Structure formats: C-alpha cells, structure tokens
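Q: The primary structure of each chain is shown beneath.
Protein chains: 2
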Amino acid sequence: MDVFFNPKTVAIIGASEKPKFGIGTTAYLLNSKFKTYPVNINSDVIFGHKAYKNIKDIPDSIDLAIIMVSNEFVLQSVIDCIEKEVKGIIIESAGFAETGSAKFAKIQDEIEVIARRSKIRIIGPNCIGVTNFHNEFTTSDMDFEQALKGSIAIVAQSGVLGNIFIDWANNQGIGFSKSATIGNKVDVDEVDLLDYLNEDPDTKVITLYLEGTKRGKELRDVLGKVKKPVIILKNGRSDIGSRAVKSHTSSIAGNDRIYDALFNQYPNVFRVDNFYEMFNIAHAFATQPLLRGKNVTIVTGSGSLGALACDEIEKQGLNLTNLEKTTIEKIKSVIPNWVSIGGTIDLGPSMFETFIPSIKAIFQDKNTDCILYIFSVPRVPLQRMASFALAGIKAQFTALLQSAEKYEKPCIIVCFGSRWVFDFVSEGATQPESKLIIPIMTRINQAIKAFKMMYEFGKSNIF
Amino acid sequence: MDVFFNPKTVAIIGASEKPKFGIGTTAYLLNSKFKTYPVNINSDVIFGHKAYKNIKDIPDSIDLAIIMVSNEFVLQSVIDCIEKEVKGIIIESAGFAETGSAKFAKIQDEIEVIARRSKIRIIGPNCIGVTNFHNEFTTSDMDFEQALKGSIAIVAQSGVLGNIFIDWANNQGIGFSKSATIGNKVDVDEVDLLDYLNEDPDTKVITLYLEGTKRGKELRDVLGKVKKPVIILKNGRSDIGSRAVKSHTSSIAGNDRIYDALFNQYPNVFRVDNFYEMFNIAHAFATQPLLRGKNVTIVTGSGSLGALACDEIEKQGLNLTNLEKTTIEKIKSVIPNWVSIGGTIDLGPSMFETFIPSIKAIFQDKNTDCILYIFSVPRVPLQRMASFALAGIKAQFTALLQSAEKYEKPCIIVCFGSRWVFDFVSEGATQPESKLIIPIMTRINQAIKAFKMMYEFGKSNIF
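Protein chains in written order, with this note's numbering: chain A, 1 to 463; chain B, 1 to 463.
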C-alpha cells in the first residue's frame with residue numbers, strides 16, 4: 001500500500017498540457033522530486049518533458065501509474081500497466097458502473113478480475129487518488145503552499161474530500177497526514193486503508209466517508225483492530241439517498257440501521273452528520289488530550305451562547321462543571337458586581353480584565369475535565385482597540401495555552417462573528433513559544449460532540 | 001415604538017470618551033444626523049461636544065435617552081428621564097435581576113413599576129439596544145460601511161444578535177431592516193416588537209431569539225396576528241440551559257414542550273436550532289419566491305454532496321424532482337457519456353460546458369418547484385483558469401439568475417470549499433443587471449430546511 005503514498009517513480013497515462021482534468025497533477029508531478037514520466041499517444045513532449053506513447057516504452061521501472069484517459073481506453077491502459085509490472089495503479093477516469101451503462105459496468109468488472117489475478121493494487125476508478133501531506137506527493141490538485149501538515153487521515157468515496165474540504169479545513173487551521181479517494185473500489189477499499197493507516201506513524205485519527213461497503217465482515221474485523229479514533233460519515237440513510245449513491249460510485253448503501261449497529265460496537269468509532277463536523281471533531285482528537293471525566297466548564301462573554309452550550313451539554317449526556325468554592329471565590333474577587341456567574345462563567349464585556357486570573361483558576365479546578373471557551377467579542381470594538389487589543393488577547397491566549405499544557409486538559413475555542421474575528425483569534429491562539437494547538441470552531445454543538453466522543457474514547461482504554 | 005428606530009433627538013446618559021462599553025455609539029451618534037446630547041456628571045466636553053451634568057439640563061426636548069451608567073445609578077437616571085418627558089429609554093447597563101443579587105433585582109422591579117405608570121417605553125436593561133439599517137440609527141457598535149440593508153428584522157434577548165451575528169451575516173451577503181436587543185425586558189418585549197414589525201414596511205421576515213416570555217397569552221395572540229414568517233430560536237431546552245438563561249436575562253425558560261406546541265400552531269412560525277440556520281433561512285424567505293410544490297431539483301458537480309442532499313430531502317418530507325422526459329433528453333444531449341444522471345443532476349467536472357443548457361431545461365421543467373445548486377469546484381483549478389473562468393462562471397450565473405426570474409422558482413446555492421471559493425461564487429452571483437439575490441449558504445441541511453419552511457408557508461396562504 002505504501003507505493004500509493006511514497007512512490008519513487010510515477011507514470012501518468014493520459015498526461016496532457018490541455019486545460020482539462022489532470023493538468024494540475026501533471027504539471028506538479030513533472031517538476032517534483034517524484035520521478036515522473038508522461039504517457040500520451042498523441043504528444044512527444046509535455047511541459048518540456050519527453051512523453052511516451054505507451055507506459056511499456058518507459059526505460060525505467062514504474063512504482064505507480066496514474067490513469068486519466070477516457071473511460072473507453074482505461075481497460076487497455078490497465079493491461080499495459082500489468083505488463084509493465086507497476087506496483088500500484090490509480091484510475092482517476094470516471095464513467096463506469098456508476099453511469100448505469102451495462103457496457104462500462106462490464107469493463108469495470110473486467111478490471112476488478114485483472115486486479116485480483118495480478119495482485120497489483122488498484123485505487124479507483126472514478127476518483128482523484130491520493131495525497132501524502134508530509135512528503136508532498138499528490139495525484140490530485142493540491143496546493144502545498146497552503147495545505148497544512150497534521151495527523152488526520154482521510155479515506156473517502158468522494159472527490160470533494162480530496163481537495164474542497166481539505167482547502168476549507170486548512171482555512172480553519174486543520175492539518176492532514178494522508179488522503180485517499182477510492183471511488184468505485186475495484187480493489188483497494190476502506191478495509192485496506194483502515195488497516196494501513198492504523199500502522200501509519202503520521203496518522204493519529206482516521207476520517208472515513210463511506211457510501212457502502214462490499215466487505216461487511218472485513219470492515220467489522222478491521223474496525224475491531226484499529227486502535228485510533230475513526231470518525232465516519234455514511235450517507236444513503238434515505239431511499240432517494242441510496243439511489244443517489246448508486247449513481248455516484250455504484251455503491252449499495254444498504255440498511256442504515258445495520259451500519260449504525262456496526263459502528264456502535266466499537267468505542268473508537270464515531271458516526272457524524274456532515275463533513276464540517278467530521279473534520280472539526282478529528283482535529284480535536286488530533287490535538288487535545290482525552291477527557292478524564294464528563295465535566296465541561298464554559299467560559300464565555302455571551303450569556304445566550306453559554307445557555308445554548310448548556311442545552312448541548314445536556315443533550316450529549318455531559319455535565320456542566322460544578323466548580324469548587326475556592327475557584328468561584330477567586331473569580332468573584334476579580335469580576336465586577338454586574339457580572340453574572342451561574343453555571344457558566346459569563347465574563348461578559350469584562351472579559352478583557354478578568355480573563356487571565358479566571359482561566360487559571362478554572363483549569364486548576366479539580367472538577368474541570370475540559371474547557372469550552374466561547375469567544376464572542378464584536379469586530380468593531382476590537383478593531384478600534386487595534387494593536388494593544390491584540391497584545392491583550394495574546395496575553396489571554398498565552399495564559400490559556402499555558403494552563404492547558406500545565407493541567408493537560410482539553411480545550412476548544414468556539415469563535416463567533418466575521419472572518420476578521422476568526423483570523424484575529426487564530427493569530428492570537430498561535431504562539432511560537434507553544435507547540436499546543438487549540439481547535440477553533442464556529443459551532444458549539446460540534447465542540448460539545450467532540451468532548452463527548454473524546455470522553456467515550458478515553459473511557460474505553462483501547463488506545 | 002417608532003421613537004426607538006427613528007428618533008429626532010437623543011441623549012446619552014453616561015457618555016464617555018474613555019475606551020469602555022458605549023464609546024463607539026457615543027462617537028458615532030455625536031457626528032450623525034441624529035441630534036445627540038452627551039450627559040456625564042464628570043465631563044464638560046465629550047468628543048468636542050458640550051456635555052450636560054443631567055439630562056434635565058438639556059435645552060431641547062429629547063425623543064430617546066440611552067442609559068449606559070453603572071447599575072447603581074440607573075434608577076436615578078430613569079427618574080430624571082421621566083421628569084424630562086423623554087418618549088423612549090434604552091437601558092444598556094447590566095447588573096440587575098440576572099446577577100441573582102436581591103438588591104439589584106429590586107431596583108429592576110422599581111424601574112418596571114415606573115415604566116408601567118409613566119407610559120414611557122423602556123428597552124432593557126442588560127442589552128445593546130437597537131439598530132435601524134435603513135436610516136442608519138444605532139445604539140450599538142454598528143459598522144454601516146459594511147452592514148447590508150435588507151428586509152430581515154431581529155428581536156433578541158441577547159447582545160450577540162445586535163452585532164456579532166449581523167457582522168457574520170453581512171459576510172454572507174445577508175441584509176437587515178431593524179434589530180432590537182431586549183435584555184431583561186422591564187417593559188418592551190417580543191410581543192411589542194412582533195406587533196410593531198408586522199406593520200413595518202421595511203421588514204419582510206422576523207427573526208426572534210427568546211430565552212423566555214412573561215406574556216404567554218399575548219405572545220400567542222400576536223403570533224396569530226403576524227402575517228410574516230417568524231423564525232424563532234428558543235433555548236433552555238435542558239435543565240442546565242434553563243438555569244443559564246436565568247442568570248443571563250433573568251428569564252424563566254419554561255417547559256420546552258409548551259413552546260414547541262405554541263410555535264407549531266402557526267404556519268408562519270418556524271423553530272430553528274442555531275443562529276446560522278436562523279439567518280440563512282430568513283435570507284431565503286427575504287429574497288426568494290415561495291415553493292408551489294414539494295419537488296427539489298438538485299444540480300451538482302459532486303455525487304457525494306448530491307447524495308447527502310437526498311438524505312436531507314427525505315428527512316424534511318420533500319421530494320426529489322422526477323424530471324420530465326424532455327428535460328432529461330435535453331441534458332443527455334449536452335453531457336458526456338461518463339456523466340451520471342440519477343435522481344440528482346450530477347454534472348461532475350463537465351459542469352462548465354453543460355451547465356447553461358442544463359439549468360434552463362431544469363427551471364423550465366414543470367415538475368421543478370425549486371433548485372438546489374451545489375457549487376463544489378476546487379479552488380486550485382479555478383485559480384489556474386483565472387480570468388476566463390470567472391467570465392465563464394459569470395455567464396453561468398447570468399443563466400441561473402435569468403431562469404430564476406423568468407420562471408419565478410426559488411433557488412439556493414450551497415457553496416463548499418475555502419473562503420476564496422465563496423467569494424468567487426458571491427462575485428459571480430452578484431450581477432448589476434439583475435436585482436435578484438440568490439442566497440449562498442454553506443450547509444445543505446439549512447437550504448433544504450429553508451425550502452421546507454417556504455413550502456409550508458406558501459401552502460398556508462396567510463400572507
């Protein structure tokens with residue numbers, strides 16, 4: 001499997017300079033440290049590199065072949081690759097079983113048979129392949145100047161997980177280890193990748209988007225074996241959704257309750273509702289220690305958002321922390337009389353002066369198992385305070401980071417408002433003297449769900 | 001009530017040049033078209049304007065007094081305002097019943113009694129007052145250079161709805177008519193504002209964030225009278241959430257089922273789960289025609305996102321459109337053979353060439369009641385195509401806007417990816433030759449919920 005993420009030599013079958021699907025990958029790989037050969041029946045030179053008519057003409061052994069030709073030429077390309085004795089093939093071309101065409105469904109079946117016989121591993125068809133964020137190998141359109149390295153792996157039956165959501169996640173400060181889009185899965189599937197990623201030292205958390213599995217038993221076995229958190233989005237809950245996945249990756253969505261029952265068996269497997277939730281929760285797992293108890297302490301400048309967080313805490317079966325008397329006294333000694341301390345620590349607009357002594361007391365409190373910090377300062381006054389405000393907030397975040405490190409308690413910031421405020425908080429929370437990354441989310445329910453799952457995983461002791 | 005949104009003369013009691021709460025409002029109003037007098041017992045001049053020791057010293061009649069002094073001086077300020085015979089008072093100061101202090105709860109009660117006796121209307125305490133986006137009057141920190149005018153009104157027991165979420169919404173292209181934050185509600189409450197906004201010509205949709213009501217019967221009556229859509233977020237569903245609202249605005253959250261039953265009585269009242277949903281759905285109501293049937297047509301470049309949308313359609317009790325044969329034939333005549341048309345119209349990466357003829361046929365189809373357009377093109381290839389891509393996408397959006405206007409069918413775009421892509425789509429969808437605004441959201445479930453509510457409201461015939 002490692003050949004997909006760390007090949008020494010690569011051939012791109014259907015490489016082209018034309019502005020079509022694959023041009024970005026071709027341009028990138030030809031000028032990368034991964035020795036890459038373009039193959040195109042109609043061109044002699046591609047982006048200044050000698051092109052070959054057929055992969056078999058290349059005077060070098062090939063680790064990985066990427067196939068991007070039209071659907072009708074894919075089968076012959078696969079046969080050529082087998083003869084060339086490549087180690088792995090990624091078929092990005094679409095237009096097989098998912099179209100409903102009997103002819104192309106049959107071709108897909110033939111490729112499947114060939115794969116099984118040859119023992120050469122094949123990813124796809126109908127996908128955008130893989131990315132390894134650490135060595136910067138990609139068969140997709142990845143912008144490594146913006147892509148963040150991290151420890152979240154992606155396995156997905158969808159191209160949008162290979163680029164669009166990575167791009168979104170990078171904007172949120174979320175980084176990745178490896179991604180693999182697996183399309184119609186003639187050979188390599190979620191089972192193989194879960195097995196591989198369980199042993200991958202760069203990966204701490206695995207995210208999986210599944211439209212259906214052909215290997216229920218093996219999926220059950222591998223989920224029982226994996227020791228890392230696995231965050232799963234499975235669609236096709238509805239009848240019309242099931243028909244839609246059939247025409248997307250030709251998958252059988254199956255009975256949704258069976259999947260629920262399957263996932264519920266494992267304390268490291270968590271099902272989520274959308275991609276944003278999937279990556280935010282994975283990011284919390286990737287960066288935070290686990291919860292040792294169920295108590296969430298809320299620090300906020302907004303009473304309404306604090307109250308909404310309380311509803312979520314109860315919904316997830318967690319507790320609002322009952323702080324120790326000494327903690328309450330410490331906080332009361334620094335806040336003005338018009339600030340209200342109910343269950344949540346609502347510092348209101350006094351946040352600036354009172355945050356640092358309060359946050360230290362809260363982390364230190366033996367009843368606090370994790371901290372939800374709801375940042376809700378409007379943009380306009382922040383901008384008015386300008387540079388000294390940033391210094392003030394930096395000092396606050398320094399205190400937050402230091403306390404989180406010292407007491408080893410998980411913390412999530414939920415930030416509300418405009419993009420400007422999000423960037424302001426991100427800048428404040430990124431401090432060169434601290435290696436700790438604190439997730440910054442925009443939804444309270446996702447933060448509370450993350451805490452819940454980190455509590456469940458922590459309790460299981462399977463890691 | 002109009003005095004709160006359109007006062008001719010204003011006094012700010014507790015006006016100050018110091019960098020504290022209220023400085024922005026003071027600086028803005030003193031230099032606005034709204035004749036404003038600063039009142040401060042310790043200053044003679046504030047931002048170059050003569051300051052008065054007491055509101056009673058001002059040699060002019062005052063429509064609206066804004067009180068920003070510390071909680072202990074609020075009662076006397078209210079008494080002064082009554083003697084001055086102002087028409088309306090906004091008390092922004094916090095520190096009353098919500099703190100749990102018996103002393104300040106009693107002061108709040110006294111203010112309530114005074115309000116009832118004097119017939120002078122009071123908003124607050126513990127709020128940030130109001131904004132009128134059309135005449136640019138505000139008692140909060142509003143940045144009118146960025147704030148968008150629109151037809152959504154906000155009534156909220158929370159300061160964050162008076163600035164932070166407006167700022168976020170403006171980033172999303174969502175505009176407002178009026179906002180009122182009502183805090184502890186000694187006098188003016190949701191009932192008064194619903195009644196007022198129902199008659200307000202600038203307002204088409206009302207959003208309401210409620211922590212609890214003291215006037216259940218009147219709320220029921222006014223909801224029965226309002227002819228506009230009312231989108232409500234009510235928290236305190238949980239026990240700990242109820243305690244939190246008590247310490248925020250001293251509200252009694254009440255039995256959540258009673259609120260559900262109340263809201264369910266009215267076909268124009270919709271309960272939502274979070275603020276993002278509230279404003280996105282309100283924006284759809286404010287800008288789109290209503291649905292005449294339950295059929296949603298999905299146009300997408302991503303099979304997985306299309307399938308997820310199908311699950312949401314079934315969850316909300318809507319239908320996936322069964323397109324007419326002639327429509328399918330028209331689309332099949334322009335798309336390549338590897339594109340898959342199942343229930344959803346998944347144009348895949350061929351979207352660029354095939355979008356325009358497809359979208360026209362889809363809008364024209366008599367079975368289509370509304371269109372969900374899922375924009376899922378990755379950033380990197382878009383940036384590579386640069387200027388001519390934007391021209392291409394502009395042409396697509398022109399076709400979309402023209403079809404939406406011609407066939408009067410509601411349309412929502414859901415856009416995935418980085419901020420850059422969102423801005424790219426926003427720019428494309430904003431065309432000077434078209435007055436139509438198409439909402440651009442980032443969550444499929446919110447778009448489908450909006451369609452569902454617009455269908456229910458349309459069916460009710462109460463508008």
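Everything labelled a hint here was simulated from the structure, so no lab data went into it.
Just so you know, not all the hints are guaranteed correct.
It does not matter which identical chain is used: a pair holds within one copy or between any two.
Below, computed lysine-lysine pairings styled on PhoX-like, alpha-carbon distance capped at 25 Å [stated by the list, open to error]:
#	residue 1	residue 2
1	K325	K360
2	K294	K33
3	K18	K106
4	K332	K20
5	K103	K332
6	K217	K149
7	K332	K106
8	K35	K103
9	K103	K325
10	K330	K103
11	K50	K315
12	K103	K406
13	K84	K294
14	K106	K84
15	K8	K33
16	K50	K217
17	K20	K394
Predicted model, so just to flag it, every value in this text is computed and none were measured.
Q: Does each hint fit the structure? Answer for all of them.
A: Outcome of the hint check:
When the C-alpha separation of K325 and K360 is checked against a cutoff of 25 Å, the pair qualifies only within one copy, where the shortest distance is 15 Å, while the shortest distance between copies is 67 Å. For the identical chains of this complex, K294 and K33 are neighbours neither inside a copy (48 Å) nor across copies (54 Å), given an alpha-carbon limit of 25 Å. In this assembly of identical chains, the alpha carbons of K18 and K106 never lie at most 25 Å apart, being 30 Å within a copy and 77 Å across copies at closest. In this assembly of identical chains, the alpha carbons of K332 and K20 lie at most 25 Å apart only when taken from different copies (21 Å versus 63 Å within one copy).
In this homomeric assembly, K103 and K332 come within 25 Å of each other (Cα to Cα) only across copies, at 17 Å, whereas the closest approach inside a single copy is 74 Å. Taking the shortest alpha-carbon separations for K217 and K149, neither the intra-copy value of 33 Å nor the inter-copy value of 57 Å comes in at or below 25 Å. For a Cα distance limit of 25 Å, the shortest separation of K332 from K106 across copies, 22 Å, qualifies, whereas the shortest one inside one copy, 73 Å, does not. Neither within a single protomer nor between protomers do K35 and K103 lie at most 25 Å apart by alpha-carbon distance, with minima of 36 Å and 78 Å respectively.
In this assembly of identical chains, the alpha carbons of K103 and K325 lie at most 25 Å apart only when taken from different copies (23 Å versus 73 Å within one copy). With identical chains, the CA atoms of K330 and K103 are at most 25 Å apart between copies only, with a shortest distance of 23 Å across copies and 74 Å within one. Taking the shortest Cα distances, K50 and K315 never come within 25 Å of each other, neither inside one copy (61 Å) nor across copies (54 Å). In this assembly of identical chains, the alpha carbons of K103 and K406 never lie at most 25 Å apart, being 63 Å within a copy and 40 Å across copies at closest.
When the C-alpha separation of K84 and K294 is checked against a cutoff of 25 Å, the pair qualifies neither within a copy, at 57 Å, nor between copies, at 55 Å. For the identical chains of this complex, K106 and K84 are intra-copy neighbours only, at 24 Å inside a copy versus 87 Å across copies, given an alpha-carbon limit of 25 Å. Proximity of K8 to K33 under the C-alpha cut-off of 25 Å is restricted to the intra-copy arrangement: shortest distance 9 Å within a copy versus 70 Å between copies. For the homomeric pair K50 and K217, neither the shortest alpha-carbon distance inside one copy (47 Å) nor that between copies (81 Å) is at most 25 Å.
Within a single copy, K20 and K394 get their C-alpha atoms only as close as 46 Å, which misses the 25 Å cut-off; across copies the closest is 19 Å, which meets it.
Checked against the numbered hints given earlier, the structure breaks hints 2, 3, 6, 8, 11, 12, 13 and 16 and satisfies all the rest.
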